[in-house]
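Student: Now for the letters of each chain:
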Amino acid sequence: MLKIHCPYCQEDREEIEFHCAGEAFIARPANTEELDDTQWADYLFHRDNHKGWHYEQWVHNAACRKYFIVKRNTATHQIEQSWRFDEAPNPNQST
Amino acid sequence: MSYRIKPLSSDTSIEKQPMVEFYWNNTKLSAAQGEKLSTALLANGIRTVGRSFKYGRVRGLLGYGVEEPNALVTLEPDTEFQIPNVRATEIVIYDQMRAVSATAHPSISFDWRQLFKPIHQFMPVGFYYKTFKAPIKLWSFYEKIIRQMAGFSHHNPALRDKESYLTQHCYGDVLIVGAGISGCQTAVELSKNNPKLRIILCEQSSEIGGETLGEVLQDSEARKILQDLNQQIAENANIRLLTQTTVFGHYDDGLSQALQKIQVSIPIKDRDLQSPAQKLLTIRTKITVLATGAIERPLLFKNNDLPGIMLASAARRYLINDKVLFARQPIIAGDNNSIYALAKDLMHYQVKPVIVDIRSAEEIPEECVEYCKNQHIRHYAGYAPIKAHMMGMGHKITVCHLEIAPVKWHKTSTNSIEWNVVGDEEKIATDGVAMSGGFNPVLHLSAHSGNKPQFDEITQSYLPTNDVAGLFYCGSVNGITHWQDCLQDSKQQVENIVTFLKGNKTHSISIPALFQSSPIFHLSEQKNVFVDFQTDVKSSDIALAIRENYRSVEHIKRYTATGFGTDQGKTSNINAIAIAAGILRQPMKEFATTTFRPPYTAVTFAAMGGGHQNDLFDAKRYTSMHPAHCRHNPVWELVGQWYRPRYYPQEKETMQDALNRECLAVRQNLAMMDVSTLGKIEIHGKDAREFLSRVYTNSWHKLPVGQCRYGIMCDEKGMIMDDGVSSCIDDNHFYMTTTTGGAGRVYEWMELWLQTEWQDLDVVLSSVTDQWAAVAVVGPQSREFMQSIESDIDFSAEAFPFMHWRSGQWGDFQVRIMRVSFSGELSFEINVNADKGLELWQSIEHYSEKNNLKITPYGTEAMHVLRAEKGFIIVGQDTDGSNTPQDMGMDWIVKANEKMSFIGERSQKRSDMLREKRKQLVGLKTVDNPQYTLIEGLSVMRSKEDKSSTNPVIGHITSSYYSPILGYSIALAVVEDGQKIHNSIVNVREKDGSMTKVKVCPPAFYDLNNAIMRG
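Line by line, the protein sequences give chains U and R.
First residue of the first sequence? That's 1 in this note's numbering, and the numbers climb one at a time after it.
First residue of the second sequence? That's 1 in this note's numbering, and the numbers climb one at a time after it.
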C-alpha cells in the first residue's frame, strides 16, 4: 500500500484515503465535433501504459476531495513527487 | 526411553521448568512447561510425527522453526479453540494441551495411502491430471475421493472460535525483522546513534538470540553479548520488542504486516477471551531492516525423508536450548563447517557422532580434521550419504542405517555441476542423521517488495540485491555465518542507515566473511530422493517435468507443486532449482532466480478480520426514520451500505401478498415511502446552469426557479452512468439528487471535471445526502391528504403542477416539497432537515389516522414494480454501462444543436453507437400465461426464421415482476433492434432449456399518457 503526499493537506497519508483517477495531462479536445472516430477513440481509449515513470491523477476523497498529480514509477511503485495542478510540470509541453 | 539429557553443572542457559501434561494423538505425555511441542515429542522418543501428503510415507521432525514441513498438527481439535495446520515447532506447550497429527488418515501408525504403495511408482507428478481427466462425466465421482485424500487438518466449521482478535496500526522510524544477534545489535547501535529513533523489533520465536543461542554452550563470549543485548533492549523505551511476532509481508513504501500471537502459551482454562489471542499489526516505518537469518537445506539422497533425519542446525538447537538429544548414535552429514560445531556440542554431552563431509579432504579446514582425529571421531571426507534404511513400527519408525559413498563433482562443458559416485559404498548403523546442505538466506520479505535475489557461487545460495530505498539487510541473510561477523555487519549497516536517514546515498552491502559450501550435492539417477517434503515431490518428478518439456523453473514448480505447501518451500525451493539446473545442464546463476509471495507464514483469517466482525463487519447506514420502520418489522434490503425496507409483511403475508397490497395502495389509495437515501448534492455558483447542461444530456439554461427536471448523466463513452431529478432553487443554486448507490461516484466524477477541465466554471459542490430526510406521499388521495394538514402551500393542481417544488410550513414542519414521481402516481416528496425525519414519518402516520385516510408504508420492492409499470429505468439494473440514452428509448432527453456539448455527446455519434442491432429497451409480456413471471437475467432468443446471425441470443431480461394493478406479469429487456420489433413474438430460454413465448411491446405498461402522474 502506497504512502501518498497530498499537496493540499501537506501530509503523507495512506493509499486507502485516495482513489487513482487515471493518467494525467490528457486534455479533452476542444473541438470534439470536428474529430473523426479514430481521433476521438485516441482520446477516449488509447493510453501508453508504459513501464517506468508515469504522471497520474489521484483524488484525496477521504479528506480534502482535491485532485492532484503524482509522479509514480509503474514498475517499482516508487513515488517521486506530487503536485497541485497549477504547480505540476507538464511533460507533454516541455518535450 | 527419554531423550532428555541431564544438564551438566557448567550449563547455565536454561532454568528448570516444571513439568506439565499434554495429549499427543490422544496419548498422555509430559513436557517441560514453555518448551515446544516438537521438543516434547523428540524428548518422549516419538520419531514419526506425520504422514506424507501423496504417498502416506512416515515423516519425522526436520526443523526447529517455521521451516518445518512435516510436523503439521491440529491444535485443540473439535473445540472452539481449534487451530488447523500449525507446525509443532511453533507451538509452545501449555498444561492439558491437545494436539493431533494433521497429516495421518486415519492414524499415524496406519495411513491408508500406504495401501497404494505397489502403485506408487506409477504415480509420478501429473498423475492426477493425466489419469482422471477422462471420462469427463466421472469427474464428480473422482473429485469426492480425491478431495478426501487431499489437505491436512480436519476442521469443524460448526464450532465458532471463542477467542478475540485485533488489528492494529503501528508507526515508527525503523522496523527490524528478526531479533537474532544481528537484529538486536542493529537495534541497540541505531538507538545509541540516534536515541530519538522509534524502533520496532519483531521476533517470531519467544526469545531473542536466534541461531546464536546455539553457540552459547561453547562460547561464553556469545552468551555474555546476548545477555547484554537483552538487557539494553529491555531498558530502552524507544526499542519496542515484539516476540511471538512474525512479519509475514513487506510491501510498498515501508509497509509491513506482522502476526503477533499473544495468548498461545497459556492453558485454555486461564485464557482471557475478551483480550486478543492474536493481533495483526500493520506497520509503517521509514526504514526496514531484514535480519531474517538463513534456513538450512536438506541433503539430497535416497530416503532422505525418513524419521530421525533432521537438519543439523535443528538438531543443535534441540540439544543446546532444549537439552534433548536427537539420537544416541548420530551421524552428521554435510557440505560445510557447521557440522563440526554440532559435533563439538555432542561431544560436550559425551555423545560421539560419525561425520560424513561431502567436501574433499583438501577443502575441509585443517582444524576440523585435526579435531576429529584428536577426539577419535570417525571422519569421512569426500563421502556423501547415498541411501537411508529404516526399522521399527508405528510412531517408532526411524532411520537405522546410512549408506555412504565417496563422491566427486566436475563442471560440464556448459558450466553446470555434475556429481558422480567414485568408489564403494559403506553402511553405517545409526539412530539419527543430522544433515546440512548449506544455508538459504531468508529473502521472502525482500522478494515481496519486488527484489530479485542473485545466486552466489561461493556461498551456494541466493543473496539479496537491493533496489528498494529504505530496505536494508543485516547478518546471515547476507551469507554471513559467524556471530562475530554478524556484529561487524550490524555496525556497517547502522552506518548505511544513518547515511540514508541524512538523505545521502548508501553504498553496496559489504560482506566481511563468507560462508563456503560445495555445490549442492545431487545424483541424477537416484529414486526416492525427496525435494519438497510437504508436497511429496521427488527429484525424479522434476526430471519428469523437464522430460515433458517444462523449461522455466516457474512452470516446473507449478507442475510438480514444489514449494506450494503451507511451508512455501522454505527448505525445498533452492534444492529444486539446483536439480533442474543440473538436468538442464545450466549453471544455477543463469538458470533462475526465485520469487516468494506473502504471507511468509500462514495467517489466520480471524486475525485479518480483527474486530471487524458481525455488527462491525461493514458500516451500516440507517435513515433517520429507521426506528419507525423497525416497528413495522420490514424485510430489509441492503442498498450500498443503506438499510432500506424492502417490504412490510403483515401477519402471515407472503412476499407477493405484501407486494400486491403495497402496490395497490399506491395505485388506488394512499402510501408513503422513505426516500432519504437518495444522493443529494448542492450546486452553487453563477455557472451552475452551464455545469448541469454539461453533465446532464439535456439543457438546464432555461429551467425556471421553482421547477424540477429529470436528467441523465453519461460518461465520456456516452453510456448512462446515473440519473435523477435536479431542482432550480434560484439562478445560482441547484439541488441535485442521484441514485442511492451512485452518490459518491457521481460526486467524485463531477469534482474531477470541475478541478481539471473546467477550472474556469464558477461552481461549488457540496454533498448534503445526510442533511436531508424525505418521505414520498403517493397515491390518488395524496393531494387530499397534503391539503388536510395546515400549510401555507397551495397543493391544487393549478398552483402546484407536476415537476415543481414549493417550500413552506406544512403542519409542524418547515418543508421543501417536490412534485416528482418514480412510481408514476400523483406524488409529493416532502423534504425536511434530517433531524426531523423520524418526527415527520410519525406525524404523517398520525395525521392519516386523525383524518381517516389510511396510509400504507411501502418498500423498495413495490417501488421497483411500480416504476417498471411505467417503464422508468433503474441505472445499474436495466443498464449495465453499455447503454446510451438512445438505446433506452430516451432520445427526447438528449439535447440537439447547443453551443457546448455534454459529456458523452461525441461518443454517442461514434459509428458503433449508430449501427444497426444495438440492444434497446423493450417491454415483454408472456403470451400463453399472462400471470407467469419470468426470471430476471434469462436470455431472449432469436426466432428460427431470423438467419441474420449465428448467435441465437438477442438480449436478456433486466426486470421482471407481477403487476397487481394490471393483473398480469410484465418485464423489461434489452433486445437487438428492440424498438423495431414491437408486437412481434420472441422466445425466452428458461433455466431448463425450454422456451417461453413473449410478446415485445414498448417499455411502458400503465398510464401511457402520464395523465395520472401529472394530475
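Please note: incorrect hints may appear among the correct ones.
[To be verified] The calculated lysine to aspartate or glutamate pairs, modelled on EDC-like cross-linking and capped at a C-alpha distance of 16 Å, are:
no., chain 1, residue 1, chain 2, residue 2
1, R, 717, U, 36
2, R, 909, U, 33
3, U, 66, R, 252
4, R, 909, U, 11
5, R, 286, U, 11
6, R, 717, U, 42
7, U, 3, R, 111
8, U, 3, R, 456
[What the hints assert, rightly or not] Not close to chain R: a few residues of chain U, all C-beta gaps over 10 Å, as computed:
no., residue
9, 9
10, 14
11, 19
12, 47
13, 50
14, 67
Derived from the structure by calculation, the hints contain no laboratory data.
Even for Gly, the Cβ is constructed at its ideal location relative to N, Cα and C.
Student: Does each hint fit the structure? Answer for all of them.
Tutor: Going through the hints against the structure:
no.: 1; hint: R/717 - U/36; result: holds (15 Å)
no.: 2; hint: R/909 - U/33; result: holds (9 Å)
no.: 3; hint: U/66 - R/252; result: violated (23 Å)
no.: 4; hint: R/909 - U/11; result: violated (44 Å)
no.: 5; hint: R/286 - U/11; result: holds (15 Å)
no.: 6; hint: R/717 - U/42; result: holds (12 Å)
no.: 7; hint: U/3 - R/111; result: violated (51 Å)
no.: 8; hint: U/3 - R/456; result: violated (34 Å)
no.: 9; hint: 9; result: holds (15 Å)
no.: 10; hint: 14; result: violated (8 Å)
no.: 11; hint: 19; result: violated (7 Å)
no.: 12; hint: 47; result: holds (13 Å)
no.: 13; hint: 50; result: holds (18 Å)
no.: 14; hint: 67; result: violated (5 Å)
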